[in-house]
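**Student:** Could you put together the complete structure from these sequences and hints?
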Amino acid sequence: MNKFEQPFFLKKMNTQIGIGFRRDFASEFLDSKILKPSFFELAPENWIKLGGYWRRVLDQVAADYPIYCHGLSLSIGSPDPLDIEFLKDLKEFLDRYEVEIYSEHLSYSKCDNAHLYDLLPIPFREDAVTHIVDRIQEVQEILGRQLVLENVSYYTPIGAQMTESEFIGEIVNRSGCGLLLDVNNVYVNAFNHNYKAEEFIKSLPLKAVKYIHMAGHLKVSEDCIIDTHGEDIIDPVYELFDWTLDQVKPVPVLLERDFNIPELSKLQEELNQLKAIATKKWDTHHA
Amino acid sequence: MPELKDDTKILQGRLAKFCRNGLEVELEGTQVSRLHHYRRLVSNVIFDALETAYPLTKKLLPPKKWTQLCNKFFEENDCSAYQVWRMPEEFYHYAQKQDEIDLSKYPFIGDLLKLEWSEVEYYCMPDRAMPTPDDRRLQLNPEHGILNFEWPVHRINALHIGHDKKGNYFVLILREPKEKKVRFFDLSIAHAAFLELLDANAGNLQKTYLDLNLQLGIQDPNFLEENLKDFLTNMKAVGLLI
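Protein sequence lines, in the order shown, are assigned to chains A and B.
337 is the number of the first residue of the first sequence in the numbering used here; add one for each residue after it.
59 is the number of the first residue of the second sequence in the numbering used here; add one for each residue after it.
Keep in mind the hints are simulated off the structure, nothing from the lab.
Mixed in with the good hints, there may be bad ones.
[Said to hold, decoys possible] One side only, chain B facing chain A, incomplete, derived with CB under 10 Å:
1) 86
2) 90
3) 103
4) 104
5) 107
6) 132
7) 136
8) 137
9) 138
10) 141
11) 142
12) 180
13) 185
14) 186
15) 233
16) 237
[Unchecked claim] Some residues of chain A that are not near chain B, with every Cβ distance over 10 Å (derived):
17) 361
18) 478
19) 538
20) 567
[Unchecked claim] Here are the simulated lysine to aspartate or glutamate pairs, EDC-like style, with alpha carbons at most 20 Å apart:
21) 294(B) with 192(B)
22) 75(B) with 448(A)
23) 63(B) with 462(A)
24) 239(B) with 364(A)
25) 67(B) with 419(A)
Ideal Cβ placement from N, Cα and C applies to all residues, glycine included.
**Tutor:** What follows is the structure, given as structure tokens:
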């Protein structure tokens, strides 16, 4: 077990279904009597060192809900050195708000000393694995907690020399980081790169799954889906989620919805649907 | 730390460069027809952040010029802020020093960008410790600043600022204590000097009057006290003075 990993028996066992908290919808989310997530997830970069109105909002969220963090700027796969100042700011933030899960993307978003503010695919290669494993360990030492990495959606591989699942598996197994299994991303990638989603999931180190993401996507052409977080979850992704839960132990599940936010009652319906599936699977199998 | 191989670094660098400039790129093992998604997704983030920070500047410039400026900024400026909301501050500095896109029709664009960025910055900045009230001193709410402009971008719609309006303008920017909203107040030169001296004198009002009398060459010792009465009352009411 990774030294930063919290023993499983200490964790809350009830099914937790949360939702992403965004500044654009903060007041609707906080004042709502309709939306009842188990936790809120937020991007720490959007809140670190913020004062004034937003600091008050954040403190209110933290007082009412557990906060999980899903970062954007770590750029774990970057050729650039890690940003130590950022990591120090991040640690202070995670400690202040007692964040139990800090996850990030298995991608890069900074290169040649410039931030790009979006997720680029890392070449699936052995030297990239070694590079990233080392960086994960450095990040975990600085943060004093386990890093949980997400399988990202990608629209083209870049100079791959191994498969995506080999790449993820090697990194997770060698670094001891956790895995954020984004079920929608698996669906998107399986469609875009023509592989079987279930086989892909089975090939991952599923014991390392600490967190699950679910989201909607947008089909932009006959052969390409973009992971937008701006649509409802479609039935095939629910079916894949249902199947996936048989393969993994109970972990928190997040509904990602960043744009095109529907009525809150509609969002709550999606949360309810996720909860119903998770309760059916996990309360039966892991009671 | 184990080094990435050069060819891996080159691939990553080329993809990043393509996202920034959109120019055709040779990348081993890619589906070329899908690369444009990355350029589009990354550009969306940049344009969204800049439009959110600078709605007035965007409205002022012809759409083609605004797009050109944003694209050139992203291509040429190595964005150093790890927080996307802070990135537009780099745009403010970049726009003033770039000379390829002709902005001579808008001599006040630097002031307009400064006004817009200041609003974002003051709205979001970390909380500053408020001084405890002290009867002997008139203390300043630390969540304020005094901005100096050459053009009255805070008073007049930028589309209607004529060349004859060039001058020396002072604006108080304040994050007001209750709602934490950012407000701007037009200041005369004397009011701006008064606030700066009050700050430098740690809230000692009598010393500030003496210093300002000297600075402005005022002989009547009661003149400032009489004439600043309303200003002080207003500034207390809005939460600048404690």
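**Student:** Take the hints in turn and mark each one as holding or not.
**Tutor:** Hints, one by one, checked against the model:
Using the Cβ-Cβ criterion of 10 Å, the hint placing residue 86(B) at the interface with chain A is satisfied: the shortest such distance is roughly 4 Å. For residue 90(B), the interface hint holds, the least distance from its beta-carbon to any beta-carbon of chain A being 8 Å, beneath 10 Å. Hint on residue 103(B) holds. Least Cβ distance to chain A is approximately 4 Å, under the 10 Å limit. With a cut of 10 Å, the hint placing residue 104(B) at the interface with chain A holds, because the nearest CB-to-CB distance is about 7 Å.
For residue 107(B), the interface hint holds, since its Cβ comes within 10 Å of a Cβ in chain A; the closest pair sits about 7 Å apart. With a cut of 10 Å, the hint placing residue 132(B) at the interface with chain A holds, because the nearest CB-to-CB distance is about 9 Å. Given hint, residue 136(B) at the interface with chain A, holds; its Cβ is 4 Å from that chain's nearest Cβ, closer than 10 Å. Satisfaction of the interface hint for residue 137(B) is found here, the shortest Cβ-Cβ separation to chain A being roughly 4 Å, below the 10 Å cut-off.
Given the 10 Å rule on beta carbons, the hint for residue 138(B) holds: about 7 Å separates it from the nearest Cβ of chain A. With a cut of 10 Å, the hint placing residue 141(B) at the interface with chain A holds, because the nearest CB-to-CB distance is about 5 Å. Below 10 Å, beta-carbon pairs count as interface contacts, and residue 142(B) has one with chain A at about 5 Å; its hint therefore holds. Annotation: residue 180(B) was flagged as interfacial toward chain A, and the flag holds, the nearest CB pair being 8 Å apart, inside 10 Å.
Using the Cβ-Cβ criterion of 10 Å, the hint placing residue 185(B) at the interface with chain A is satisfied: the shortest such distance is roughly 4 Å. Interface hint status for residue 186(B): upheld, as the beta-carbon distance to the closest one in chain A is roughly 8 Å, under 10 Å. About 6 Å separates the beta-carbon of residue 233(B) from the nearest beta-carbon of chain A, less than 10 Å, and the hint is met. Checking residue 237(B) against chain A by beta carbon gives a least distance of about 7 Å; that is within 10 Å, so the hint holds.
Residue placement check: residue 361(A) keeps its beta carbon more than 10 Å from all beta carbons of chain B (closest about 15 Å). For residue 478(A), the shortest C-beta to C-beta distance to chain B comes to about 14 Å, beyond the 10 Å cut-off, and the non-interface label holds. Residue placement check: residue 538(A) keeps its beta carbon more than 10 Å from all beta carbons of chain B (closest about 25 Å). Non-interface status of residue 567(A) relative to chain B is upheld: no Cβ of that chain comes within 10 Å, the nearest being about 16 Å off.
At most 20 Å may separate the alpha-carbon atoms for a hinted pair to count; residue 294(B) and residue 192(B) meet this at roughly 14 Å. Straight-line distance between C-alpha atoms of residue 75(B) and residue 448(A) comes to about 9 Å, which keeps the hinted pair within the 20 Å bound. Taking the CA atoms of residue 63(B) and residue 462(A), the gap is near 10 Å; set against the 20 Å cutoff, the hint holds. Straight-line distance between C-alpha atoms of residue 239(B) and residue 364(A) comes to about 19 Å, which keeps the hinted pair within the 20 Å bound.
A threshold of 20 Å between alpha carbons decides the hint, and for residue 67(B) with residue 419(A) the separation of about 18 Å falls inside it, so the pair holds.
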